[in-house]
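Student: Protein chains in written order, with our numbering: chain Y, 3 to 276; chain A, 3 to 276.
Which chain Y residues face chain A? A few, computed with CB under 10 Å, are given here:
| no. | residue |
| --- | --- |
| 1 | 26 |
| 2 | 72 |
| 3 | 92 |
| 4 | 96 |
| 5 | 125 |
| 6 | 139 |
| 7 | 211 |
| 8 | 215 |
| 9 | 256 |
| 10 | 259 |
| 11 | 272 |
Just so you know, the hints here were simulated from the structure itself, not pulled from any lab data.
No experiment lies behind these values; they were computed from the predicted model shown.
We put the beta carbon where it would ideally sit given N, CA and C, even for glycine.
2 protein chains.
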Amino acid sequence: MAKRTVFFVSDQTGVTAETLGHSLLTQFGGPDYRPVTLPFVATLEQAAAAVERIDAVAEESGLRPIVFATLVDDRVRAAVKRCNGLFLDFFAAFLGPLEDELEMTSAHASGRAHGLTDLATYTTRINATNFAVANDDGSGARDYNMADVILLGVSRTGKTPTCLYMALQYGVFAANYPITEDDLEAGVLPAILRPHQQKLYGLTIAPERLQQIRQERRPNSRYASAMQVQYEVREAQLLYERLQIPTVDTTECSIEEIASRILDRLGLERRVRP
Amino acid sequence: MAKRTVFFVSDQTGVTAETLGHSLLTQFGGPDYRPVTLPFVATLEQAAAAVERIDAVAEESGLRPIVFATLVDDRVRAAVKRCNGLFLDFFAAFLGPLEDELEMTSAHASGRAHGLTDLATYTTRINATNFAVANDDGSGARDYNMADVILLGVSRTGKTPTCLYMALQYGVFAANYPITEDDLEAGVLPAILRPHQQKLYGLTIAPERLQQIRQERRPNSRYASAMQVQYEVREAQLLYERLQIPTVDTTECSIEEIASRILDRLGLERRVRP
Numbered sequence: 003m004a005k006r007t008v009f010f011v012s013d014q015t016g017v018t019a020e021t022l023g024h025s026l027l028t029q030f031g032g033p034d035y036r037p038v039t040l041p042f043v044a045t046l047e048q049a050a051a052a053v054e055r056i057d058a059v060a061e062e063s064g065l066r067p068i069v070f071a072t073l074v075d076d077r078v079r080a081a082v083k084r085c086n087g088l089f090l091d092f093f094a095a096f097l098g099p100l101e102d103e104l105e106m107t108s109a110h111a112s113g114r115a116h117g118l119t120d121l122a123t124y125t126t127r128i129n130a131t132n133f134a135v136a137n138d139d140g141s142g143a144r145d146y147n148m149a150d151v152i153l154l155g156v157s158r159t160g161k162t163p164t165c166l167y168m169a170l171q172y173g174v175f176a177a178n179y180p181i182t183e184d185d186l187e188a189g190v191l192p193a194i195l196r197p198h199q200q201k202l203y204g205l206t207i208a209p210e211r212l213q214q215i216r217q218e219r220r221p222n223s224r225y226a227s228a229m230q231v232q233y234e235v236r237e238a239q240l241l242y243e244r245l246q247i248p249t250v251d252t253t254e255c256s257i258e259e260i261a262s263r264i265l266d267r268l269g270l271e272r273r274v275r276p
Numbered sequence: 003m004a005k006r007t008v009f010f011v012s013d014q015t016g017v018t019a020e021t022l023g024h025s026l027l028t029q030f031g032g033p034d035y036r037p038v039t040l041p042f043v044a045t046l047e048q049a050a051a052a053v054e055r056i057d058a059v060a061e062e063s064g065l066r067p068i069v070f071a072t073l074v075d076d077r078v079r080a081a082v083k084r085c086n087g088l089f090l091d092f093f094a095a096f097l098g099p100l101e102d103e104l105e106m107t108s109a110h111a112s113g114r115a116h117g118l119t120d121l122a123t124y125t126t127r128i129n130a131t132n133f134a135v136a137n138d139d140g141s142g143a144r145d146y147n148m149a150d151v152i153l154l155g156v157s158r159t160g161k162t163p164t165c166l167y168m169a170l171q172y173g174v175f176a177a178n179y180p181i182t183e184d185d186l187e188a189g190v191l192p193a194i195l196r197p198h199q200q201k202l203y204g205l206t207i208a209p210e211r212l213q214q215i216r217q218e219r220r221p222n223s224r225y226a227s228a229m230q231v232q233y234e235v236r237e238a239q240l241l242y243e244r245l246q247i248p249t250v251d252t253t254e255c256s257i258e259e260i261a262s263r264i265l266d267r268l269g270l271e272r273r274v275r276p
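Between the sequences and the hints, there should be enough to build the whole structure, so can you do that?
Tutor: So this is what it looks like as structure tokens:
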């Protein structure tokens with residue numbers, strides 16, 4: 003059976019339309035659809051080209067495409083709306099009530115939701131990202147004083163992507179410390195971490211899941227063996243408990259969820275706007 | 003004057019509510035509001051606590067808060083809706099038309115838009131992220147064969163965050179190569195890049211802007227001097243032209259925009275769902 007095609011049409015990057023559409027579609031049992039993003043549709047010519055693509059899919063597949071649009075220019079929006087798809091217009095639905103509440107008219111100008119806002123915000127994101135890269139697994143430089151949070155975990159629990167996500171999305175300074183077998187045997191963390199006890203956050207994971215992940219990386223190694231994985235996960239958990247470090251179980255979590263739970267729990271400010 | 007407070011209330015991470023709300027508010031002249039994210043509001047108790055926070059702000063500030071919600075449980079949504087804020091419900095507006103079109107009822111179950119979908123997607127994101135970190139500025143390991151795209155640019159044009167964003171958001175394998183003064187003097191790229199000509203993408207930037215960014219990093223250095231910055235930007239531009247490398251001007255662009263333009267132009271598939 004043909005998959006339904008879902009278009010995300012935007013005069014900007016399409017990130018907002020993708021986020022909205024994907025969120026809604028998960029309510030219908032998940033993402034068994036073909037996603038097509040059409041970014042930077044800002045002129046009538048570009049609108050006509052978008053309509054052509056949508057209509058071609060409608061014709062070929064015999065299934066009406068779903069079109070999530072974030073188009074602020076009234077003429078561009080009207081042009082795309084004439085396509086043979088189910089047109090769901092994000093701005094039209096919400097700008098009205100907001101205009102009433104704020105007693106303002108909205109710009110109806112091509113959105114800058116993911117445009118550059120100001121240098122301070124840009125710099126914060128960049129600095130946080132560089133900090134995360136510099137303070138990642140195995141790198142030499144460590145500057146825990148600057149860190150908002152320091153993630154702990156054994157190998158492959160998701161420390162690196164979580165730190166980078168927190169930096170890019172929220173401008174939060176996140177370092178990470180990979181717990182080694184030496185740490186587990188000693189049952190303590192290195193002295194360098196002790197002054198930063200309140201910044202520590204532990205990542206945990208179900209051993210079966212970790213084994214699966216490690217198996218993909220180094221098949222049939224000691225590193226990926228059931229015994230080794232169970233040992234590391236258990237000892238890390240005991241270490242967290244002993245040191246009263248808060249933890250998040252990453253087994254069923256996406257990077258977004260892990261990051262969000264940590265910020266929420268530590269009460270960390272989101273330094274840049276979504 | 004008191005700033006308007008904007009709440010992002012979600013039964014999950016709040017990322018969707020933040021993205022949508024921020025997008026709408028940029029239509030009203032930008033983000034001069036106080037954002038508060040209330041994630042993981044999934045029970046009636048949590049809903050009551052959220053309402054209490056919203057109502058306290060309404061009372062203290064005398065300005066009705068704006069509440070962007072992505073709450074799928076009908077009872078939780080109804081509870082939050084009773085707050086003294088302007089309640090804007092992203093799901094309610096669009097689920098109806100989608101239910102009709104798909105001839106399905108939606109789950110009305112706590113959303114998994116940023117939950118873990120499957121191991122393959124998770125692995126793709128993680129692998130892409132690790133690839134970006136391993137193939138970043140100045141690191142030893144280079145695996146350009148695996149790369150979907152290789153970003154070029156002089157120091158501080160945004161290569162690193164753009165690569166990481168493409169990895170995390172789209173699962174795209176992005177490497178970067180910092181153009182050195184030696185490259186500029188030679189007027190050619192290193193031999194290692196030559197087999198990958200079609201993957202190259204150049205970042206450009208206005209010299210004034212680059213100077214501002216470098217000045218923050220190393221004030222009053224040669225690195226941040228007008229003459230040095232102008233020289234590097236001009237020579238890099240000439241190099242791109244000579245080698246017919248496509249470019250994007252990052253001066254007025256956010257990381258999201260740079261990434262989106264590159265994917266669009268190179269026709270790169272988005273490997274993971276938004």
